[in-house]
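Protein chains: 4
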Amino acid sequence: MSEYSQSMRVYIEDTDCGGIVYHANYLKFMERARSDFMRKYGYEHTAAEKEGFILVVASLTLNFKASAKMDDLIDVSVIIQKLTSSSVIMQQVITRNGQLLVSGEIKIASIATSSGKLCRMSEALKTNLKSKMVE
Amino acid sequence: MSEYSQSMRVYIEDTDCGGIVYHANYLKFMERARSDFMRKYGYEHTAAEKEGFILVVASLTLNFKASAKMDDLIDVSVIIQKLTSSSVIMQQVITRNGQLLVSGEIKIASIATSSGKLCRMSEALKTNLKSKMVE
Amino acid sequence: MSEYSQSMRVYIEDTDCGGIVYHANYLKFMERARSDFMRKYGYEHTAAEKEGFILVVASLTLNFKASAKMDDLIDVSVIIQKLTSSSVIMQQVITRNGQLLVSGEIKIASIATSSGKLCRMSEALKTNLKSKMVE
Amino acid sequence: MSEYSQSMRVYIEDTDCGGIVYHANYLKFMERARSDFMRKYGYEHTAAEKEGFILVVASLTLNFKASAKMDDLIDVSVIIQKLTSSSVIMQQVITRNGQLLVSGEIKIASIATSSGKLCRMSEALKTNLKSKMVE
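Protein chains in written order, with this note's numbering: chain A, 1056 to 1190; chain B, 1056 to 1190; chain C, 1056 to 1190; chain D, 1056 to 1190.
The list treats identical chains as one, so a pair stands whether inside a single copy or across any two.
With a straight-line Cα cutoff of 27 Å, these simulated DSS-like cross-link-like pairs (lysine-lysine) come out:
hint : residue 1 : residue 2
1    : K1162     : K1120
2    : K1105     : K1137
3    : K1124     : K1172
4    : K1181     : K1124
5    : K1095     : K1162
6    : K1162     : K1185
7    : K1137     : K1120
8    : K1105     : K1124
9    : K1105     : K1172
10   : K1172     : K1120
Source of the hints: derived by calculation from the structure; they are not laboratory data. Remember, it's a predicted structure, so these values are computed and weren't measured experimentally.
Full structure from sequences and hints, please.
Here it is in structure tokens:
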């Protein structure tokens, strides 16, 4: 419903000698989509840092179904699945012309820049994210 | 018991503007350790390709506990947890001076270079890997 | 005059622990721009490979004047400076709001996929590129 | 004479769909060698930062002669060619079994962490580097 998606091109830098995208690079695609999604809804890395918290990846699961190749145009989506005061769980899917390539679940945690410990994200950000949750 | 481990240095290329290792780059460290582990026990990417199969990452889970930083010396371990004719599940742990940083479970599948479908790995490789399983 | 330029976002993956873009990553930005420029004017990596040649980087010079940072929107330009049957020299500039960050000169060579040696690029590509040269 | 060299393995992460090492990644190999060379002779990134300066890449030239491939063992050397109070010019060569693959000249500048401007490096570092110059 409130799914966010964006297109990306696969360049040579993303591929490996198997002729396909290197497995770790799908995480870059996913983070680009999360970054733009978050920027759109009130979070910019450098700005949040001044407010005293940063969002970091706490855990993740990836399932590889098919491979993206050089010159491909892929779509990377973001759905907020669960939201607490200090964390967000996002579902992300990478497709090419509707074909599923990679799916992932990424847990993001809010960390205090002072202590490095879990902390509440700003209320403004939490309210924004809540309004984007799929219902 | 039959755990394999190797040391790696963290260089600037591995870090991000948070001052720590970029989350996707831990997958590179883990693959370097798997590559050297597999090379030691009878699998070299380019050689296997000529035999008709390659090993690819099918799925993975990562848990981030603490961060590696610039100039750190880290240890990356590999344990074979489960082995079938066409897949291997490996447990990998990244530590620094004994402190757990990141743990991961990586499922590797054997894929036929001709068809791109699941296939049996060579018997020689399977026998070698079996002898390295933790009991 | 016939300058080609495209905008790119700086993501966390591009930065290092100095808080700025990692020096080697500017080459990725430049290659993305070259790839899209070349795609627009008749060269796609995978298609050319079937025609028997690929374009590879033969030499390059980079000058770093100022740094791009996380969340920046940068512009990456491409100008063809010199063209022969088997090579292209391109001038590339990376700017942010008009400020020069990095300039580069990249020499691309056409290599035969069969022999790995210098070869003529396709006439169609050469004609296309010639029409895009700055005069 | 005082040449410094170290061996590195080429992993899948380093390669691209051309089956060879991605051109920008040779800069990573070169920086790993420079980092270890500098660490050995008195400069560690995080330590120097506290002293008020960092070393950054100011300009570079690369010449590609032949390609490194997956599983290759390569050697990366460092020679100090020129040294001033605020900069170092290093010659670096990447070889495989003695065959030249890539050569580079890298100019490193000392930058004040406070102002971001050129500054003198520490006397201790300069003295160390001077003793390592090829004569």
